[in-house]
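Listed below are the residues making up each chain.
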Amino acid sequence: MNLSFAPLLGVMKFEVPPVTFTQYGIRYYPFPGGRMLEIIVNWMQDVGGFAMLGLVFWLLNGLMNPVYDIVNGQKRNRLVTPWMLILSALAIVFYLVTFGLMWWLSGMTDAEIFLSRKGRILSLMEWAYEYSFALGGFFAILAFAGPVFMDIPRFRIGRIYAIAKLSFKEAFRRRIVWVFLSILVLYLFPARWFFREKPEDELKSIIDVTTRGMNVLLISVGLLLASFSIPNDIKSLTIHTIVTKPVERFELVLGRFFGYLGIITMALALMTGLGLLLINTGNLAEEAAEESFKSRVALYGDMEFSSKKTADFVGIDVGREDVYRKYIAGASSHTAVWSFKNVPDVSGQTDPMPLEFAFDVYRTTKGEEGRGVFVSFDLMTHKWDPSREAEFNTAMQGLVNVKPEDPAKWEKVDKVAEEFGRYLFKSLQIYDYHTSSIPVPAGLFRNAASGDPSKDEAIQVGGRPLRRLQVTVRCDTPTQFVGVAKYDLYILESEGNFSFNYFKGSIGLWFRLIVAIAIAVACSTYLAGVLSFLCALFLFIGGFFLEFIQELALNLNVGGGPFESLTRLINKSVAAAELDPTPTIRAVKMLDGGYRWVLRRVMNVIPNVDSYGLSEYVAQGFNIGPEFLLVNFVLLLGYILPWLVAAYYLMKAREIAA
Amino acid sequence: MAETAVSHSPAGHHQSHRSSTGDILKVGDTLVETRNLTKVYRDFWGRKKKVALNALDLSIKKGEIFGLLGPNGSGKTTTIKLLLGLLFPTTGDATVFGRPAADVRKNERIGYLPEESYLYRFLNAEETLDFYGRLFDMPSDVRKKRSADLIRLVGLEHDRKRTLREYSKGMRQRIGLAQALINDPELVILDEPTSGLDPIGTIWMKDLIKQLRDQGKTVLMCSHRLDDVQDVCDRIAILFNGDLQELGEVSKLVEDAARVEIRATNLRLTDDLQSDLRSVVEKHGGKLESFGHPTTTLEDLFRRIVEESKARPGRRYLPAADGTIKS
Numbered sequence: 002m003n004l005s006f007a008p009l010l011g012v013m014k015f016e017v018p019p020v021t022f023t024q025y026g027i028r029y030y031p032f033p034g035g036r037m038l039e040i041i042v043n044w045m046q047d048v049g050g051f052a053m054l055g056l057v058f059w060l061l062n063g064l065m066n067p068v069y070d071i072v073n074g075q076k077r078n079r080l081v082t083p084w085m086l087i088l089s090a091l092a093i094v095f096y097l098v099t100f101g102l103m104w105w106l107s108g109m110t111d112a113e114i115f116l117s118r119k120g121r122i123l124s125l126m127e128w129a130y131e132y133s134f135a136l137g138g139f140f141a142i143l144a145f146a147g148p149v150f151m152d153i154p155r156f157r158i159g160r161i162y163a164i165a166k167l168s169f170k171e172a173f174r175r176r177i178v179w180v181f182l183s184i185l186v187l188y189l190f191p192a193r194w195f196f197r198e199k200p201e202d203e204l205k206s207i208i209d210v211t212t213r214g215m216n217v218l219l220i221s222v223g224l225l226l227a228s229f230s231i232p233n234d235i236k237s238l239t240i241h242t243i244v245t246k247p248v249e250r251f252e253l254v255l256g257r258f259f260g261y262l263g264i265i266t267m268a269l270a271l272m273t274g275l276g277l278l279l280i281n282t283g284n285l286a287e288e289a290a291e292e293s294f295k296s297r298v299a300l301y302g303d304m305e306f307s308s309k310k311t312a313d314f315v316g317i318d319v320g321r322e323d324v325y326r327k328y329i330a331g332a333s334s335h336t337a338v339w340s341f342k343n344v345p346d347v348s349g350q351t352d353p354m355p356l357e358f359a360f361d362v363y364r365t366t367k368g369e370e371g372r373g374v375f376v377s378f379d380l381m382t383h384k385w386d387p388s389r390e391a392e393f394n395t396a397m398q399g400l401v402n403v404k405p406e407d408p409a410k411w412e413k414v415d416k417v418a419e420e421f422g423r424y425l426f427k428s429l430q431i432y433d434y435h436t437s438s439i440p441v442p443a444g445l446f447r448n449a450a451s452g453d454p455s456k457d458e459a460i461q462v463g464g465r466p467l468r469r470l471q472v473t474v475r476c477d478t479p480t481q482f483v484g485v486a487k488y489d490l491y492i493l494e495s496e497g498n499f500s501f502n503y504f505k506g507s508i509g510l511w512f513r514l515i516v517a518i519a520i521a522v523a524c525s526t527y528l529a530g531v532l533s534f535l536c537a538l539f540l541f542i543g544g545f546f547l548e549f550i551q552e553l554a555l556n557l558n559v560g561g562g563p564f565e566s567l568t569r570l571i572n573k574s575v576a577a578a579e580l581d582p583t584p585t586i587r588a589v590k591m592l593d594g595g596y597r598w599v600l601r602r603v604m605n606v607i608p609n610v611d612s613y614g615l616s617e618y619v620a621q622g623f624n625i626g627p628e629f630l631l632v633n634f635v636l637l638l639g640y641i642l643p644w645l646v647a648a649y650y651l652m653k654a655r656e657i658a659a
Numbered sequence: 018m019a020e021t022a023v024s025h026s027p028a029g030h031h032q033s034h035r036s037s038t039g040d041i042l043k044v045g046d047t048l049v050e051t052r053n054l055t056k057v058y059r060d061f062w063g064r065k066k067k068v069a070l071n072a073l074d075l076s077i078k079k080g081e082i083f084g085l086l087g088p089n090g091s092g093k094t095t096t097i098k099l100l101l102g103l104l105f106p107t108t109g110d111a112t113v114f115g116r117p118a119a120d121v122r123k124n125e126r127i128g129y130l131p132e133e134s135y136l137y138r139f140l141n142a143e144e145t146l147d148f149y150g151r152l153f154d155m156p157s158d159v160r161k162k163r164s165a166d167l168i169r170l171v172g173l174e175h176d177r178k179r180t181l182r183e184y185s186k187g188m189r190q191r192i193g194l195a196q197a198l199i200n201d202p203e204l205v206i207l208d209e210p211t212s213g214l215d216p217i218g219t220i221w222m223k224d225l226i227k228q229l230r231d232q233g234k235t236v237l238m239c240s241h242r243l244d245d246v247q248d249v250c251d252r253i254a255i256l257f258n259g260d261l262q263e264l265g266e267v268s269k270l271v272e273d274a275a276r277v278e279i280r281a282t283n284l285r286l287t288d289d290l291q292s293d294l295r296s297v298v299e300k301h302g303g304k305l306e307s308f309g310h311p312t313t314t315l316e317d318l319f320r321r322i323v324e325e326s327k328a329r330p331g332r333r334y335l336p337a338a339d340g341t342i343k344s
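Top line first, the protein sequences correspond to chains A and B.
For what it's worth, our numbering labels the leading residue of the first sequence as 2, then goes sequentially.
For what it's worth, our numbering labels the leading residue of the second sequence as 18, then goes sequentially.
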C-alpha cells in the first residue's frame, strides 16, 4: 500500500517517497510514530512560531486596550483570558529551553539542521531541541487558537449555510461562473485535434490538457470569487446588515469559504464527469488504452546498483542534465537490483504475476533499425541457495523464457521456481520508455513468502538488509546503456478501475482549490479585493517553485544568496570559487543569512501545491491509494488551519464601519 | 398601505429570543447605556484625525422612541455604529441589553435599518427576508410566515419576486425595514428611516414607528428631518460636533412657555373681535401678537388629498373651460 503511488514513466519522477503514516521509523528519526509524527512535530514548530508572533501582538494590544466584561460583578478583560496567559507562559518556557539548546547546538548550520530532519540520526540533545521547540509551538498554538475553539459552540450551521448559499446565488446570478465554465468546455475537446503525438501517449495528453485547463480556470475563478467577496461586502456596506445580526464574524468567513468551495467543487465534479465521458466514449488508440487506460496497483522495491568490478558502483551518469536515472552499460558486469521487503500474497493462485517495467535507453551507437535493446532478468528469493546453481540450471533446461500460454511447460517453470526460489528471463527486447512485462511464476512468490528472511541464509548485495525477493536486471546489448530508477520496475499486484482512479485524481485538484480559496478568503478579511487576489496568487504560484525556494532558503544553491551573487558579479568571480573571508564578504554573508531567515519564514507560508498533482498518476495509469489521499488531506488541514485562525483574528479585530 | 400588525412571531419564538440573551425587561428599564463613550478617528500613523463622538453619556429606556438629532458629522451615525459593534470605542463603553456592544448575542433582540438599504441586489424580497431569517437561525415555517407578513406590511406583495436591483429607493427602504423586523426585535435602530421615502411613505413610516412603540418596543432613530423627529420621538438628544448639546423629552424641549395659544371655532374674523381680544390680553398683562385663521401643514393637506383620491379615483384638478387656472 504505502509505496503504490510512485510514478513510473517518461519524464515523471518522484525522488522523495510519498508520505504515508507508517514509513520512516525510529531508525531514521527520533519519532517512533514514523513519518506522520515527524510531520506533526515539524508542523507544531513552524505553525507555533507564527502563533507565538500573533500571540505577542494580541496580548500587547489586549493589555494596552482592554475590553471589559462584567462577570459576577467583576471586571474581566475579554481580549486576554487567564488561560491565554498561562499557555503563553508555558510556550515561553519551552522556547527558552529551545533557545538554550539551539545555542548548545550552534555548531550546526541551518541546512544541516534541516537535512537532519530528513533522515540523520540525531543526538539526545538534538532530540530534546526538536521536542522542546515543538512543545513551545504546541502551547503557543493552544493559546492563540484557543479562543477560536471556544467560540465554535456559538457557531450555527444554519447561518454558515445561509451565507454559503448566498455566495452560490451571487456567483451564478452575476454570471461569473458561467463565463469561466464556457471556456472550460474548450479543454475537453480531444487533444489530437490540436497536436500530434505518439498513439500510446494519447490518453496521457488528454488527461494532461484537461487537467491543466481545469487547474488554471478553476483556480483563477476560485481565487477571484474568494478574494473579492468580503471586500465587496465591506465596500457595498451589505456587511452592515449581516454583522448586526447574531452572526459571529468568523461565520461569515466560513460561509464564504464553503460557499465558493461548493461552487468550484460542483464545477470540478461537472468537468470530471465530462472528462470521463470523453475518455470512455472517445475512440482511444489501442496503444494508449494498453499504456494508460488502467489503474495499476504496483508493489515497489528498493533499488541499488551493483558491479563485480566496482565495489561502490552507483550507476553511470551519461551526462544528461536530468540526473533522476542512472545507467548500466550493456554486456558488462553492471546490474540494477530491486529488492522487495514484501511480496504479493499468491496462496492458492497458479496464474503468473506480471513484473512491469519501463526503462530509458541511451544509445552510444545507432544499433539495428527497428530493434530495441536486450535485457535479462534474474529473480531470486531469500531462500535461494547459490550452491544449487548447477542443479537449478539442469532443471531449467528447455524452460527459459517459457510463456504461460504453454501450460504444460509453465507448470514445470512454476514448480522449479517454488523449489529453488529462483526464476530467469533472458534477453527480452525493450524500447525507450515503453512499458513491458515478464510473467513471474506464482511459485516464486510462494517460495519468497515462506520463512523469515532475517533468519535465513541468503545472498546480500551491498550489505543491505535481507529481503524476500530481489530482481537483478542486466543489459545484454553492447554499446547501449539502460537508465533505471527505483520506480521504473514493480510487481503489478492488481489493476483497479480507471474511471474511479480518474475521479481520485480530481481530488488532488480539489485539494489545490481548497488551498487557493482558503488563502484568498483569509487575505480578504484584511486586504482589499485586488490585493487579496494578488497575494493569494503569489503564494499559490510560489507553491510550484517551493523546491527552488527551499534551495535558496537553506543555502544549498551554488553561488550563495543575492548579496553574495551581486558581490561575485562585481568581482567577476565564478559561482563555485571560494571567496576570501574579508570583512566585506563576511558582511555580505551576514546579509544573506538575514535574507535566508526571511525566506525560510516565507517558505512556511507557501503551500506545497505541487504535491497535489495526482492526475499525473492517472495519466500514467497508476492507482492512487486511499492512504495517500488521506495523508495529503491531513497535510492540507495542517496548512489551512493556521490561515483560518489568522482570518478569525483579522476579522474580529476589524472595525467594519471604519 | 396594509394595516398589518408589526409583531407576528408565534408563541414561544419571542420568548426563546429573550431567554437566550438575558432577562425580560419591563417598560422604563434601561435598555441602552453609554458611559463616556468616545470615538476618535485616526490616520494610518495613529495621529488624531477627528473626534467623532466625545464622552457621550446616554441611557435609553424600554418602550420609548428616542431620537438622535444633529447636523451632518455631529456623531449620530457614529453613536449607532458604536452601539451595534460596527465601530469600537476609543474610550468609554456602551451596553445594550446589559451586554457589551461588541457582543453579537445582543443582536438577537435588535433590528437595524441602515441609512441606505444595504441589501443584496441580486436577491428578491422573499429571498432577502429568508436569508436574514436564517441568520437568526429561525425555523423554516416561522421564517416563511414572518417573511410573508412583513412583505405585506411594507406593501411589496406584488413586487416580492423582483430582484432588489429593480426596486426604487423607497421600495428598498421598505424591504430594508422588513429585514430589520424579521426577528421581531425589542430594540429597533433606524438610521434616517424616512430617507428616500415620498410623503406618503414618510407618513407610513412614522405611523409604523409609533405602532412599534405601542407594542412595547423601543426605537432609537437618528434623523436630520426635524419634523419627523418631533412627530414621533418621546425623547431626543441633540449632538453637535460629537458633543451632546441637549437631552430631554421633546414636548418639554419644544414648549414655548413665554407664549399662549388660543384656538376657537364658529367665530368670524372681525375688527370687533380683534379689539375685544386685545383688551382682554392686555388686561392680563400680555400682548396680542397675531390674529387670523390657522394654516394646516402641507403634510396634512397632502395626506387629505391622497385619501380623497383613493376614495374617488380620477382626475381631480381641471383647468377652466377658457383655459384659465381654476382656483
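Treat the hints with care, since some could be wrong.
With beta-carbon atoms standing in for the labels, derived distance ranges [said to hold, decoys possible]:
#1 F257(B) - W84(A): 55 to 61 Å
#2 V217(A) - R242(B): 53 to 59 Å
#3 P88(B) - N233(A): 29 to 35 Å
#4 S237(A) - F257(B): 28 to 34 Å
If you are wondering where the hints come from, they were derived from the structure by calculation, not from laboratory data.
Cβ atoms here follow ideal geometry from the backbone N, Cα and C, with glycine treated the same way.
Structure-based check of each hint:
1. Distance hint for F257(B) and W84(A): a CB-CB separation of about 45 Å, inconsistent with the stated range 55 to 61 Å.
2. Between V217(A) and R242(B), the C-beta spacing of about 54 Å keeps the proposed range 53 to 59 Å intact.
3. The hint said 29 to 35 Å for the Cβ distance between P88(B) and N233(A), and at roughly 31 Å that hint holds.
4. The hinted range of 28 to 34 Å is satisfied by S237(A) and F257(B), whose Cβ atoms lie roughly 31 Å apart.
When each numbered hint is compared with the structure, a violation occurs for hint 1 only.
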